[in-house]
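Trainee: Listed below are the residues making up each chain.
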Amino acid sequence: MNVLLSIRDMKTSIGQYHVLHGVTFDVREGGVFVLLGRNGAGKTTTLRSIMGLWQPSPASITFKGQNIAGMTTADIARLGIAYVPENMGIFGGLTVQENLILATTKGRFDQIRLRRIYELFPALEQFWSKQAWALSGGQKQMLAVARAIIEPRDLILVDEPTKGLAPSIVAAMGEAFREIALTTTILLVEQNFNFARSLGRDMAVIDDGHVVHRGTMADFAADSDLQGKLLGLSA
Amino acid sequence: MKDSFGTVTVKATMLVIAALLLFAPFLFQDIRALEVAARICIFIVLVASFDLLIGYTGIVSFAHTMFFGFGAYGSAIALKQMGPGWDAVAAGTIAGIAVSLVVATAIGLVSLRVKAIFFAMITLAAASVVLVLASQLSQVTGGEDGITYRTPELFKTATKLAVDEDGKVLRWFGVKLNGKLAAYYFVFATSLLLFLLMLRITVSPFGTVLKAIRENEARAEAIGYRVVAYRTFVFCLSAVVASLAGSVYAIWLKYTGPDTALSFAIMIDILLMVVIGGMGTMWGAVIGAVLMVMAQYYLRDLMGAASEAVASVGVPFLPELLAPDRWLLWLGVIFILLVYFFPRGIAGTLMAKGIRK
Amino acid sequence: MDTISDTLGRFGGVYLLPLALGAVAFILMGAPSSWVTLTIAGLAMGMMVFLMASGLSLVFGLMDVLNFGHSAFISFGAFVAASILAGLSGWLEGGWFLASAALALALLGSIAFGLAAGLFFETVIIRPVYRDHLRQILITMGALIVSEQLILAIWGGTPFTVARPTFLEGAWIIGDVSIEIYRVFAFVLGLSVFVGLMLLLNRTRIGLLIRAGVENREMVESLGFKINRLFIGVFMLGSALAALGGAMWAGYETLITPALGGEMMIVVFIVVIIGGLGSIEGTLLGAIIVGLTANYVGFLAPKLALASNMILMMAILMWRPSGLKPAVK
Numbered sequence: 001m002n003v004l005l006s007i008r009d010m011k012t013s014i015g016q017y018h019v020l021h022g023v024t025f026d027v028r029e030g031g032v033f034v035l036l037g038r039n040g041a042g043k044t045t046t047l048r049s050i051m052g053l054w055q056p057s058p059a060s061i062t063f064k065g066q067n068i069a070g071m072t073t074a075d076i077a078r079l080g081i082a083y084v085p086e087n088m089g090i091f092g093g094l095t096v097q098e099n100l101i102l103a104t105t106k107g108r109f110d111q112i113r114l115r116r117i118y119e120l121f122p123a124l125e126q127f128w129s130k131q132a133w134a135l136s137g138g139q140k141q142m143l144a145v146a147r148a149i150i151e152p153r154d155l156i157l158v159d160e161p162t163k164g165l166a167p168s169i170v171a172a173m174g175e176a177f178r179e180i181a182l183t184t185t186i187l188l189v190e191q192n193f194n195f196a197r198s199l200g201r202d203m204a205v206i207d208d209g210h211v212v213h214r215g216t217m218a219d220f221a222a223d224s225d226l227q228g229k230l231l232g233l234s235a
Numbered sequence: 001m002k003d004s005f006g007t008v009t010v011k012a013t014m015l016v017i018a019a020l021l022l023f024a025p026f027l028f029q030d031i032r033a034l035e036v037a038a039r040i041c042i043f044i045v046l047v048a049s050f051d052l053l054i055g056y057t058g059i060v061s062f063a064h065t066m067f068f069g070f071g072a073y074g075s076a077i078a079l080k081q082m083g084p085g086w087d088a089v090a091a092g093t094i095a096g097i098a099v100s101l102v103v104a105t106a107i108g109l110v111s112l113r114v115k116a117i118f119f120a121m122i123t124l125a126a127a128s129v130v131l132v133l134a135s136q137l138s139q140v141t142g143g144e145d146g147i148t149y150r151t152p153e154l155f156k157t158a159t160k161l162a163v164d165e166d167g168k169v170l171r172w173f174g175v176k177l178n179g180k181l182a183a184y185y186f187v188f189a190t191s192l193l194l195f196l197l198m199l200r201i202t203v204s205p206f207g208t209v210l211k212a213i214r215e216n217e218a219r220a221e222a223i224g225y226r227v228v229a230y231r232t233f234v235f236c237l238s239a240v241v242a243s244l245a246g247s248v249y250a251i252w253l254k255y256t257g258p259d260t261a262l263s264f265a266i267m268i269d270i271l272l273m274v275v276i277g278g279m280g281t282m283w284g285a286v287i288g289a290v291l292m293v294m295a296q297y298y299l300r301d302l303m304g305a306a307s308e309a310v311a312s313v314g315v316p317f318l319p320e321l322l323a324p325d326r327w328l329l330w331l332g333v334i335f336i337l338l339v340y341f342f343p344r345g346i347a348g349t350l351m352a353k354g355i356r357k
Numbered sequence: 001m002d003t004i005s006d007t008l009g010r011f012g013g014v015y016l017l018p019l020a021l022g023a024v025a026f027i028l029m030g031a032p033s034s035w036v037t038l039t040i041a042g043l044a045m046g047m048m049v050f051l052m053a054s055g056l057s058l059v060f061g062l063m064d065v066l067n068f069g070h071s072a073f074i075s076f077g078a079f080v081a082a083s084i085l086a087g088l089s090g091w092l093e094g095g096w097f098l099a100s101a102a103l104a105l106a107l108l109g110s111i112a113f114g115l116a117a118g119l120f121f122e123t124v125i126i127r128p129v130y131r132d133h134l135r136q137i138l139i140t141m142g143a144l145i146v147s148e149q150l151i152l153a154i155w156g157g158t159p160f161t162v163a164r165p166t167f168l169e170g171a172w173i174i175g176d177v178s179i180e181i182y183r184v185f186a187f188v189l190g191l192s193v194f195v196g197l198m199l200l201l202n203r204t205r206i207g208l209l210i211r212a213g214v215e216n217r218e219m220v221e222s223l224g225f226k227i228n229r230l231f232i233g234v235f236m237l238g239s240a241l242a243a244l245g246g247a248m249w250a251g252y253e254t255l256i257t258p259a260l261g262g263e264m265m266i267v268v269f270i271v272v273i274i275g276g277l278g279s280i281e282g283t284l285l286g287a288i289i290v291g292l293t294a295n296y297v298g299f300l301a302p303k304l305a306l307a308s309n310m311i312l313m314m315a316i317l318m319w320r321p322s323g324l325k326p327a328v329k
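Chains A, B and C, in that order, give the protein sequences. Each residue of the first sequence is one higher than the one before, starting from 1 at the first, in the numbering used here. Each residue of the second sequence is one higher than the one before, starting from 1 at the first, in the numbering used here. Each residue of the third sequence is one higher than the one before, starting from 1 at the first, in the numbering used here.
These are calculated hints, taken from the structure and not from any lab test. Among the clues, some could well be false.
[Claimed, not checked] Only pairs whose alpha carbons sit at most 25 Å apart, straight line, appear in this in silico DSS-like list of lysine-lysine: (1) Lys64(A) x Lys303(C); (2) Lys106(A) x Lys226(C); (3) Lys80(B) x Lys254(B).
Note that the structure is a prediction, hence the values are computed from the model and not measured.
All chains, please: the whole structure from these sequences, using the hints.
Mentor: Spelled out as structure tokens, the structure:
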């Protein structure tokens with residue numbers, strides 16, 4: 001299968017702090033790729049570097065065969081990458097509709113995609129003209145994900161979507177991701193290992209700015225020693 | 001740690017400047033040179049106290065002249081109302097400090113709590129309100145004309161510090177030992193003392209905390225330093241020092257008015273001095289003050305001469321641009337270029353040179 | 001913790017402030033005719049200050065850029081408009097149509113100047129110091145000094161008399177209330193600009209982008225929009241509005257000096273701090289409050305006029321540290 005996103009020895013500094021010391025992994029087309037790791041290991045920085053929100057070392061990121069390191073965030077987004085940040089990045093003063101229409105390229109909705117979003121997240125249809133700050137945490141997360149798929153994208157970067165959500169909503173979110181992954185590749189950063197295991201096909205573990213493990217989720221899930229060693233999970 | 005070459009250069013320059021200021025009355029024997037030397041002393045303190053704020057906490061105040069003015073007007077009003085005694089000097093100075101402290105605390109608590117960027121706007125607004133008040137309350141402040149007054153007996157030019165056999169003023173190396181000399185050394189000594197005090201503060205543990213806050217505010221807060229309290233304290237401290245400098249300057253000049261103590265032009269001077277010299281070094285204040293005051297006194301004359309020269313040759317437009325009135329235009333341009341290209345100023349750039357990595 | 005209805009109530013609440021202010025002044029004055037005159041003067045001043053302040057507020061909201069040189073646009077706008085009117089003084093006496101044309105040209109001239117100066121300022125002065133507040137404050141301050149000196153060099157330091165069309169001179173007398181025509185004109189023009197801005201922000205895609213950008217710049221970029229281009233546009237618009245505000249103010253004062261911008265800047269700062277940086281409604285609210293206060297206090301206690309705005313700002317900051325109606329962040 002084709003490699004969609006290839007990261008080679010990516011180094012990123014924020015101010016005077018070196019956060020990533022050389023991150024290398026490949027994301028294949030289709031399915032969910034999970035990036036695991038402890039707090040502060042560099043997962044969020046990896047996503048932000050791909051998105052161009054931090055400046056990574058030159059020529060370290062290839063997307064669809066094109067070097068995107070050093071491009072502006074807007075240009076990277078236009079190549080077909082969507083980003084769902086950890087804080088969701090919802091525009092609270094805008095309505096649900098306005099949040100979504102802003103994410104379309106032409107300023108109007110493709111009715112087929114919109115219907116699909118309503119099916120995935122019925123709450124969004126219900127609160128269509130409500131200002132986004134008034135939504136619940138789970139609804140905001142749904143809006144953030146919906147915004148990422150309102151246009152066809154090749155890759156979605158999602159940062160800890162289950163953080164602080166109730167278990168029922170986490171389950172619904174998992175369903176949604178499974179469906180989205182049928183047509184779009186997802187690079188998921190996750191602390192919730194059970195959630196990650198249920199979705200992931202390939203995975204990598206990041207620690208202290210390095211990738212310390214790469215493989216398939218099936219192998220990793222079966223190796224509880226490795227999990228304990230890399231993630232500090234008790235078996 | 002061994003000092004780098006640049007640091008040695010800066011420190012050697014400091015020694016030379018200190019020596020020149022110490023012997024100024026003997027080295028440059030004319031009234032104007034002494035005026036320049038005294039102004040340099042005062043502005044070193046004023047700019048260093050501003051540097052304490054901008055260079056060590058990273059917040060910009062446009063009200064520094066206001067505190068300078070509180071001190072100057074405090075002394076001036078007291079000397080005018082109470083007569084030329086030391087009691088008036090003390091009362092005026094203390095009153096100036098008290099007003100500065102109250103105003104600084106009020107501004108600090110309201111605006112530093114909110115957002116650092118508000119601080120610059122609020123201090124600017126406060127300073128302009130005080131400027132207008134000073135010209136409106138002309139019964140007390142003398143309005144636009146300012147106040148002239150007499151200072152203690154010791155500082156009168158006619159006062160003889162020592163006499164020779166004929167009862168005339170004793171001369172040392174050709175310099176009259178009169179009250180003017182005493183006044184100059186009063187200015188020099190208080191300025192040196194205040195500067196050394198501030199220097200001591202910056203190398204104390206307190207100074208280290210300030211640097212930590214400047215480098216990374218969020219981190220300093222996380223470690224447990226109360227950033228707002230520190231900032232408000234530094235703001236008050238710098239206000240008090242500025243106020244003291246104002247009092248001393250008022251005693252030296254025997255005149256206080258908006259142009260010498262309160263106008264926005266002085267604030268611009270202070271900004272220029274601190275940026276030219278280098279923020280966050282203390283030494284930068286010395287270099288900036290020396291260069292700017294010298295330029296103010298001598299470069300402006302040069303501009304006037306150049307403008308006339310160009311005009312007599314018949315070059316169009318240039319005379320207008322070189323006129324001494326356009327002085328601020330060029331300073332503004334230089335200021336912008338400096339902030340772009342040498343944000344560390346002369347002292348900072350020099351001291352960064354030759355540091356072994 | 002506040003409930004949503006509490007928050008809503010409070011948000012509605014701050015809009016009542018100008019009304020409360022008017023009511024208090026009415027009681028203190030006890031002279032209805034002066035009250036009406038002063039209220040109209042306050043509203044007109046508020047609208048002109050709103051023009052000057054709205055750009056500063058939006059620019060800060062969108063890019064976190066605080067432009068201390070903003071008052072240069074106000075001064076230049078005033079002097080450009082005054083110069084155009086002086087140049088067309090023949091038109092001003094040539095009947096209703098020519099006089100209107102001269103006025104329109106003067107206002108358009110200041111707007112055009114504001115657009116061009118804004119473009120220059122953004123690309124040359126501000127661009128290199130994005131995200132560095134300390135240097136931003138210093139550099140824009142430096143630019144302000146240079147601009148003021150340029151105005152001095154071009155127009156000289158002596159006060160400049162502003163000609164204005166005769167149909168804007170004088171006052172309407174209704175009963176014992178006198179209403180200056182120019183004030184009504186200023187109010188109507190300011191209100192139209194406000195309505196236009198609200199339509200732009202709430203009804204267009206560009207406006208949607210601006211509102212989103214004020215909240216979260218990075219996310220707008222992550223959706224594929226180049227925020228820097230948007231920012232240049234907003235900066236130019238803000239500069240043009242400031243210049244228009246300056247031009248209107250010149251007509252209001254009829255005698256202008258290069259110090260005009262600096263004096264108005266203090267008022268503008270107070271307005272955006274009171275209103276909350278980044279929000280147009282907040283800026284309008286702050287401007288109206290400041291305009292009314294300045295006129296009422298100027299009548300009731302003239303000595304306090306300037307300090308009153310300062311005290312007002314301090315009080316509001318104590319009560320609401322982010323201003324009355326800040327943009328959602």
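Trainee: Are there hints from earlier that the structure breaks, and if so, what are their numbers?
Mentor: 1
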